[in-house]
Each structure stands twice: as structure tokens, then as C-alpha cells.
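Asker: Residue-level listing of the chains:
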Amino acid sequence: MINAILRLSVERRFLILSLILVLVGVGVWSFQRLPIDAVPDITNVQVQINTEAPGYSPLEAEQRITFAVETALYGLPNLAYTRSLSRYGLSQVTVVFKEGTDIYFARNLVNERLGAIKSALPPGMEPKMGPIATGLGEIFMYTVEAEEGATLADGTPLDAMALREIQDWIIRPQLAQVPGVIEINTIGGYDKQYHVTPSPQRLLAFGVSMDELASALRANNSNRGAGYIERNGQQLLVRSPGQLASIAEIEQVVIGNRHGAPVKIADVADVAIGKELRTGAATRDGTETVLGTAMMLVGENSRTVARAVASKLEAVKPSLPPGVRLEAVYDRTTLVDKAIATVEKNLLEGALLVIVVLFALLGNLRAALITAAVIPLSMLATITGMVQAGVSANLMSLGALDFGLIVDGAVIIVENCIRRLAQAQHVQAHNHGDGLLPLKERLQLVYEATAEVIRPSLFGVAIITVVYLPIFSLTGVEGKMFHPMAATVVMALLAAMVLSLTVVPAAVAVFLRGRISEKESPIIQGAKSLYRPALLAAMKFRWLVLSGATALVVVCLLLATTLGSEFIPQLDEGDIALHALRIPGTGLEQSIAMQEQLEMRIKAFPEVDKVVAKIGTPEVATDPMPPSVADNFVMLKPRDQWPDPSKTRAELVVEMEAAVEEIPGNKYEFTQPIEMRFNELISGVRADLGIKVFGDDLDQLFAAANDIQAVLESVEGAADIGVEQVTGLPMLSVHPRRMALSRYGLNVEDLQDLVAASIGGENVGMVYEGDRRFELVVRLPENLRRNTDSLAHLPISLPDGGYVPLSEVATLELAPAPNQISRENGKRRVVVTANVRNRDLGGFVEEVKTRIASQVELPPGYWLDYGGTFEQLESASQRLMIVVPMTLAIIIGLVIMAFGSLKDALIIFTGVPLALTGGVISLWLRDMPLSISAGVGFIALSGVAVLNGLVMLAFIRDLWHEQGDLMTAVVEGALIRLRPVLMTALVASLGFVPMALNIGTGAEVQRPLATVVIGGIISSTLLTLFVLPVLYALMHRKEVNVG
Amino acid sequence: MQFIKQLLLVMGFVCLASSPLQAAGKGQEQVDSKGPHGGKILEQGNVTVELAIFEQGVPPEYRAWVTLDGKPVTGDLQLAVELTRLGGQVDNFTFVWQDNYWQGDGVVTEPHSFDVAVILTLGGKTYQWGWESYEGRISIAPDIASAAGIKTAVAGPGAISRKITTYGVLTAAPEQVARVGARFPGLVTQVNVQLGDRVAQGDVLAEVESNESLKKYSLRAPITGVVIARLVNSGEMAGEEALYSIANLDSLWAELKVFPGQRADVRAGQTVSVTAQGLEQLGTIQHLLPTPGNSPYTLARVKIDNPEGFLSPGLMVAGDIVVDEVVVPLVVDNRALQSFRDWTVVFIQVDDSYEIRPLELGRSDGAFTEVLGGLQAGDRYVVENSYLIKADIEKSGASHDH
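Residue numbers (numbering that gives the first Met the number 0), protein chains in the order written: chain A, 0 to 1042; chain B, 0 to 401.
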């Protein structure tokens, strides 16, 4: 079949070449549709269901909302699991679907179920699904600030509330229209509200209850349409406007008549613009601000969308009132551009180096260009494949591409064709004199020359592809990180393979028709003159060579164990993110004060450009944090503006950590913006071992968790043991005294309504100002609300017109309560986490399980579940234990298929360990850890080593069969193959040099890979040139003797 | 052979690549050696002392176990523990042998945060140990503290004035309202005063001609006040009903409702600040009256001056009754109080160090609270932003969970 394709390619060469145009066209079209981002998306398929429940405590939110929502989701198709949390004012249920589920399908299912339970929820509660976005979704952030001393047109200062109004009603509607933006999420400032704040004494004096006040406002604030009438042929619409539009109008609303006089709102209450009870705030550089975040729709191109948002932001600016400063603080474009620039630079430089090497060694520019043409063509084919497979372009997926490797097959083919053509021309010139071959002969020659080497190079590519199999067996986060990388490399290799099977021979047939120089380039000649004596010497001291090689492998194996290791590389996003954690129960205003001090300190670093923070929960609860937690984003200045541009990010983080540690009351976790978002969304147990206790009663759960903690502490190797913090929210409980209530003719509900309206406020309608709409709220004046002592004396109106103080009918109690309730799969849970040190994880988990089973007694209805990273490790190890040997067997099988000889297959296989030695040594020299990136390098190396060995041995064997003398065949064959071996080695290693030296964004993925390949290729080349011939001669000596 | 090597290497790589998960954590916690009784082990030569604070079922006390060459010593030794607390206070403990342990004399008061010095005299030799054992103590540099807005004050004597808020209505007292009627029925011949006129006691209100004697007599005002009702005109017959109402509103009575829950605190003679129509006036509770009927509250009556006549009966007023006003030796500002574990604490400051002081509290008003124990007069404690100190001490427990 291969031969048929080859023959077709050579004969229909112009057709094949014109197909390139198709490939280019499709490739360019695909490139425009290729999602480009900085890092791979590791978010699972999830739908967040947020229900805002103003005033609800965690317990009520769980009981009334979370439970109902969770129950409704039971039995959804493709459901992986649900988890939920219930906080003050919020219920969030996260539904995670199995990998591969279509997000729109999933949302439809959820939506359908939510529709069915609306009636089961308390009135006014509306579960909403979170935006259709992934962890990569937060692509753009901006702040809205007031310039010094700026005022609004009416002279009032531009305060946080005014800025929020500008954000909500001017900026947001415009930005939300940008294609690809699914949500503009706001945090910071205050929602403007109209507050009616009654004085309890004035209410009593006029005999008006809070309830009457609220109903008066409800009943006097609406417009009504009343159809139309026709008069004299004209249609008149009828309407009765009655909406309240200003403070003065609100004040004039009549509540009722007392002794013939109307009682107006103004008589019993003050009306003013007020602040909402907010759940979140934002700060920038130490002052409060309003922060908007643009969320990108899943699957969009982040660079395109971020750019569109940025340009829209500019377009919005003229529409803002004077004195308002609108500024982008985070723009994903920067990171993506940097990442793309890194990849581009590496690829371009690599490609140039490859062309130079080819030209220098082949001595033929056309041949070099034909080979180099494989680079852009295979790239275009890869991009097409990526778009089809839904792989996005990012640092991981493009980071492992090496054009040196990709052109290897083409190099071998072109080199052989040139050699054969030059030879044939030489013979022809000798016979007839003109030195040019007739077309038919030339085509035949190209076909033969290609066929001669196509098998080994196809096998080589197949082997490299097979070696990537173990990476495909990774699952979970690791899988999502590395699958794109493996997929891209495999696609590029396959594309190159197809190209070298079709386009390369066709192009050779078309373009290499002139006189081919029979003289080899001086470099090759020099190399040959050095190589021959060296090879002869190696053949003489073969035992020395072999034992030296074995010793080298052993030494490197030992060396490898001393290298550090990391599993997932950290992609440097350029900016720093940090969580500032305060103790549970810290109030928002307190948190802001602490945050301001923290930001001042961070801003003092000369490297820091901006620092912004989100505290608590934004308007759309994409990340429901309590007010005690702040997400800080530290934007760094460009490196050339640093006092010391050579300072690494890690050093800066260490300095920053030390500096902020001095600020009292905060604990920190340093991370990066995208990484932080991923962690928030995936939100699994990040410790080695997580023991989840499921059950009903929170106290019981907590007790069980503490028992488990005690057991863990006694197990050897346990470290960082922690129990999930579930309590600690101080709560003021107003317990109704039922007897007393009945004495005054009150129901519990009357009391609760009053307390809720007084403290939390009661929403009694809307005030419309054009398009803008603001809530009308009845609430006690701030000085009474804040004072818990005076709360006890709060008068409650009685049905008979009298009053009774709150303390008479209720007990006020200040006690800690759950700050949040976490549930998983529909059951309350508490997690105990632990890491493992200086001990094998498997044994540790086993011991913990048996100890807990014997020492911790759980009441009926409570159960445990073991999770954590150990699970992934266990499953990954188990899978690799099967996949790795299988891969090796497949490779051996392939080589045996190629050679029909186990012995030769094993000889070629010796190339692999020797190739790896160079990789290990170079890692060690550059002080780098073993990582998956380095592993991919090793994988590529194994492929190159096998490929070179294959080509080399194939030649030696053919020569041996032709000439019958083993020693001559070995030496001559090796000499003929010197050029292709050197070429493939040089292109592969030089192609990686820019990557190895790179320090830009994304370098952390590429550097280890390139380092390994460069080091490994050097050792692998030496092996192919010396050890392989020696080994072959040695292994086949007996056959010669016998024969 | 090479194949096996290759296999080993790949396997080795796989294991190495996955090992970072196992080595994810860093650093090793220093675990103090604990003795068989859960106490701290002190060793010197052949002598071992285990010192523990025992607090199960009893107030915290020191217990010690001493061994010489591995054998318990039950007599003939002198063991002393000296605790130096923040601020220089020193607690000394000596030990006596109980059934199976050496018991320290006295309670180890909270917080258990001090420098410990142990002196043991055994067999003529003296052994010494010393270490720091801090809890609830942090240090903050002065510039950071002032930037964070941490302000301190010195604890000392102060006044506690506790108030409760009550509401009620203004009434005129019975003695202040006079209804004037004709002594003998007869014809009203002259009316001298109009509605709203101020009259003095003895002023003539009207002239009536008696039916029996046909003599005219004068109706005189029994009290000074304002005419609030006039039911008669000249020429009408005066019968038994009242003709005039005169009320003296120069002073009024606020009848404040005191509910059962508040009743225990309220006594006659207490000062009340009455707010009516935005005007505040100080008064005193004159008497406490049970209400007629079945109402559950008691009325506290306070006399209110009304010289200008701004106030009128029936007006709703609020009364803040000062139920407690004492000067006590030690008070702390309420802003300084924070909850810490099961205690209410303040944070004392000594130089850069801040430490918890669990308090035993007495009476409290809206601004200050009496301290019964746990703090000394003259201690400098954090008033403003005391929450920061609490947050800093407890922060190791703060976690980020979603």
C-alpha cells in the first residue's frame, strides 16, 4: 500500500502539489477559528445554581433552598456529583457532569428540573444558573473610580454609590453587548436604594405599625394602564401614573387617618438615599472602588473577546459623566500575546535554524527548502486537526512541538534521494556524458530512493506516536493539561508522516531535476574523515565501548533518582494573585479596612503596578466568598521598569510574603489569577488525603471529624492535618418566647417579620428613574440597627394599639453558629484533610483506614468517604503500570515487524537508554527537576533514537546481504548513514535551542523539554554512530562464522 | 538485558514523575516530647521531671512527676515553678506530694502564657530549666500598629450608667385639673373668661344668680391654669354639671410603661431622661403604679415641667431610665471587648507585645463595662481596632473554603 501511494505521489506529482493549496486554504481558515488561550482549560463540566436569599442565615438557606434544589437534581443523566454550600444570603449548588457532556445539554436538564421546584421554594426565591463560562472565563477586569474632588452634575460628590450606579446603568449595558461576553459581574460600591427609616417612637405616637407603613408604600407606588377610548375617530390611550419618583413624593404617601388627620410617611419616618446591605466590596491600591469583570462565553477565543472588551471600554468613556475614571486592570490579551509571542519566536527561530542546517549539510538549497516546507505545511495540518478535535492553542499544546522532530522523516527521504540522484547522474555522465537523467528514470529513482527509507521513517513516526500513549491514559486535571500537548504532537507527527509520504517525493520529483552536485558539503566530508578512523577504533575496542555505554546508563539511572520532581508545571501568568484570609465572622467593613492596609504595603513594592481585590461575594455569585476572604490581584510592571529586572517571580513572591506577613490579622495563599479561578471552580480536596464525614447533625459531624483528626495525628507520616472550618460565625439569635407572645396576642411570624424588617429591611417596591430602577426599602435607622443593646427595647406594635418591647417577647442570644454548610451528593459533610510526609501514600492510607475503622465510632446514619489526590495518584499509577509495559511491547512489535528479527529489534532498542542518558545529564547540568514536560522530551528522544537506529541498521543489513562481508558492510553502511544521522540530530537539537534558552512566558513548560532533547540527541547520535555498529557486528559475528 | 534496563528506566521515570504528589508538603513540625502523663519532659543528668497543667474537673493546677535514675521520687525534694507573665507579674508555685503526683499550690490562671522557670533541689543538687510558653500573644511593630489604627487606653475606675428605654404617654395629674360647677343652681348672668384664657387661683370666672336666694355669687377659679372647657354661656341655667374645666399644664406626668422584664431594675427615685417632641428633659420617677385592669405593665410616673406649654396630655414620649449608676474601681471600654474561645477578653499591650486577658465582667452600659477580675488597674489595653489583634491571634485557623 505504501509503495502504491509513493508511486502515485511521484507519478501524479503535480496533482499532489496542487493539493498543498487545499491544505493551505483549509489550514488558514482553521487558524482563524482556532481558540487561542494561554493555558489549557482544566475546568470540569459544571453548572452552578445560585439562589440569592437576602437575610437567610446558612441554616435557613440550606434547609429551605439548597435541599430543595439538590433533591430536584437527583438522577440527572450524566451526573457525576453535586456539591453545595449555604452561606449568609446565598445557596449555591454546583452540579458536575461527566466529562464530555455538552454544557448546553447539561444546562437544559438543570433548567428543566429547576422549573419544576419553583413552587417548593420560599416565595421570591429564584434559583439562577451561573454564567456559561469556564475557569478561563474571567478575561477582563476594570475599575470605575472618581477623580479627586469630582462631583455629579447636581453637586453631590461622586461616591461609591454614584460610581456603582454609573457602572450598572452606563458601562455594563454597553459592555454586555460585546460578542463572546456572557456576563459583566460587578463587585464594590453600593446599590442605590431609597430608604424609609421609621422612628419607633413616632410610630407609637401615631399608632402606626411597621406593617401598615410597608403596605401603604406598596399600595401607593404603581402606574396602571387602562385600555383606550375612541373619540372623534382618534384613539386615546388611558393610563393612571402613580409611581413614586422622588424623596418628596415618598414622604407625602398617606398611611392612614388618625383622629381625622392624615398620617404621612414624613410624620413617622425619614426618607433618604441609602446603602444596600452588601455582601461584597472591591478595593484598588488601598481605596474602595467598583470593579467590573467580563466573563467570556465558554469556547470563545479569549484574545479576541478581551480585545473587543478593551476597545468597547474606550468607546464607553465619552459617555461617562466628567470626573469618572474607567481603567482596565486585567486584560487576558497581554498574557495570551506574550504566550503566543514565545511560541512564535521559538518556532520561527527553530525553523530558520533547521533550514540553515539542511542547506549546510545537503549542499542543495532546493532540497533544503523542500524539507523546510514540511514545517509550515504540517503546522497548518495540525491547526486544522486541533480545530476539529477541539484542542485550543496554548502554551501546553504548542509548547512541545519541535520542528526538528517533525522534519526528521522528510530529511531522511530527501537526503537519500539526493544521494541516489547524484550517484545516478555520476554513472550516467560516465556512460553518455550529459549527466542528466531522462524523466522516467529520474522518477523511478526518486520512487526507489524514497521507498528505500520510507519504511524505517514511517516506523519511526509510528513509534514516537505510540510512545505518547501513556499520556493519553492520564485522567482528571493532569489529563486535561497534557492531552492537548500529546494530541498536538501526535497530529503534527502524523501530518508530517503523510507529507513525507506524498508531498516530499512529489516535490523532489518536480524540483530536483537539474544537476545534483555529487560532491558532498565540506562539513560532511570533514565529519566522514573523522568518523571512519573513530569507528574502526571503536570496532577494535568494542568491549570497552560497550561496557562504557553500560556504565553510563547505570550512572545516569542513579543520577535520575537524585533529580527533584514536579508533576504539573506551573505556568507563569505574569501576575500574582493572593488570597487574604481573615478569621470567619470578620465583617465586610473591617475586612475592607484590613485590605486597605494590605494593599498599601503591596503597592509599596517598586515592581507592582496595580493591586485590586475582591472581597466577599460579587453580584453574580460566581465565586461565593465570605466577607472575611479577599482575592487580590497584583499586576506587575513590565520587567524593564523593575529596579532589578533579573529578579525572578519566585523571589518577588518570597519578598512579598515576608512583607505582608507583618500586617496583623491576615493569612495568605499565593497563587496566580487563572490558577486561582481554576482552584475555585474545581474545588476538590487538594490535600493528599481527604476524609469526608457525611451525616445529618452538624455538631455530630464536627465531633466525628475531631475524632478522626485525633486518630490521624497519631499515624506516622501525617502532616498539615486540618478540619474544615464550619463554625465560628457569631450570630445574634432572637428566640421568640411563645408564652409571652400569646399573652400579647402576637404570632411568632409577627415578631420575625418585625425583626427582619427592622434589621435587614423590607423591600416594598421600586423607584424608577427612567431606565434605572432602585429598590424602596423600609428599615430601622442605622444608629438603632447597629446597637444591639437598644434592640432589646425595640417596641412591637400590638393589635390593640399598644406596644411591647422586644425583650419582653423574645430572648436575645449571641452565640457562634455555622458560618457555612457544605454538602456533597445531597448530604451534609465535613472534611478532614492531611498530607503525607516521608512515607508511601498507599501504606499511609491503608493504615488510616484500618485505624479509623477500629478507633472512631460513628453513629448510625453517618458514613465516611476517602478522597484526595491519593486517589488520582493511585489510579494514574495503576493505569501507567499497564500502559507503559504495553507501550514498550508495541514498540518492540513494531521494530520486529520492520526487521523481521528479534535480535535486531533489541539492538535498536539499546538506543533508547543511551539516548535517555544525555537527557538526564543535561537536566542535571541545568539543575532542573523531572517533570511531565521533561518526560515528553524523553519520549521524543526514544523515538529519535529508534528512528536513527532503524535507518542505520536497515542500510547495514542491506549492504551485508549485497556484499556478504559483515565488517565492510558495517563500516560502509555507517559511513553512508553518517549524513542523515547527523542531519536529523542537528535539526532536532538546533530546532530546540531557542526553546531551551527562552525565559519568556511559557518557558517553564518548554525549557525542560528542549533541554532533555538537546542533551539526549547528542548522546543518542554518539550511540547510533558507534555503539550500534559495534553491537551489530558483535551480535552477528557468529552467523558469519557459521556461514 | 537492555530491554529490562529500558523497562526499569521507564518505570523509574513513571514513579519519579508521580512522586511529587507524595512529596507535596514541605517542612516538618516540631513535636515536643510528651511524657506519659501528657506533660512536658525535663531532663538533666539522671533526673527527669514531667510537668503538666491538669485541668480536668478542677481549676487548672500544676502536677509533676520526678524520677531519679528512672525511679519515682516521692519525697525529699524541693520543686518550684515561677511563671513570669507579660507585664511583669510573677506567679510562684511550690509542690507537695499527693497520692501519686506532686501537686502545685494554687490555680494556674488563664491565659497560660508565660515564661516558665523550674527549680528542683534534689539530693543536695539544684537543677534548673526555663522555657517560653505563650498562647494568645502576638507582637506587632509600633509603626504597623499605628498604621492599622490600633489605639490603647489605661484601665482604671469609671462610671457605669445603665439605661433602659421605655415609652409612655403624658397625662395631667388629677390635682391639676379642676372642674368648676355652680354651687347653687341658678342663672348665669355674666361670663368672664373665654376658652384658653389663663386664670389665677381666685379669679372670678362667672357670676351666677341663685335660684333659691336670687342672690348673685361669683364662681372663682380653684387653681391657676388654663381654661380648657367652657360649657356655659350667659343666660343659661347652671345645674349640677360642671361649667368650666381648668387645667394646670405647667407640669405634666409622663406615665412610662415598665414591662415585667424591666420591672426588677426600676425603682422610684431613679433618674429618667424623657424625650417628647424632640425635647429632652431630666426627671425622677416619683412613683410606680400598677395599672388598672389587666395590663401586664407597671407605670412609672415622672413629673415633667411644661412652662411654655409645648407639651400636652396624650403625647407619646420615650423615657430612658437610668437604672444603675455607680462608679466602680475598674472599667473597660466596650469597644475593647472581644470573644475568644469561651471567654470575653481584652488585649493588653506591653511594648510590642499584645496578649489576651480573659475577663470576669460585671455591670455594663452602652459604653463601658465593669471588670471584676482578669485585669489590673493601670494595664494598657487595646481599645480601637481590637478586632485586629483577635484576628491575628486566631488567623492560623482561618481557611479558604468555597
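Hints listed in this document are in silico derivations from the structure and should not be mistaken for laboratory results. If you're wondering where the values come from, they're calculated on a predicted model, not measured in any experiment. Treat the hints with care, since some could be wrong.
[To be verified] Within a straight-line C-alpha distance of at most 20 Å, the following computed SDA-like cross-link-like pairs (lysine to any residue) qualify:
#	chain 1	residue 1	chain 2	residue 2
1	A	Lys479	A	Gln596
2	B	Lys394	A	Val722
3	B	Lys394	A	Gln596
4	B	Lys394	A	Leu276
5	A	Lys826	A	Ala175
6	A	Lys602	B	Asp142
7	B	Lys394	A	Ala119
8	A	Lys263	B	Gly277
9	B	Lys394	A	Lys263
10	B	Lys394	A	Gln724
11	B	Lys394	A	Lys826
12	B	Lys150	A	Gln589
13	B	Lys39	A	Glu588
14	A	Lys344	A	Glu1003
15	B	Lys394	A	Glu1003
16	B	Lys394	A	Gly384
17	B	Lys394	A	Ile720
18	A	Lys263	A	Pro780
19	B	Lys150	A	Thr670
20	B	Lys394	A	Pro780
21	B	Lys150	A	Ile720
22	A	Lys609	A	Leu543
23	A	Lys263	B	Lys39
Asker: Against the earlier hints, flag every one the structure doesn't satisfy and list their numbers going up.
Answerer: Numbers 1, 4, 5, 7, 9, 11, 13, 15, 16, 19, 20, 21, 22 and 23, in rising order.
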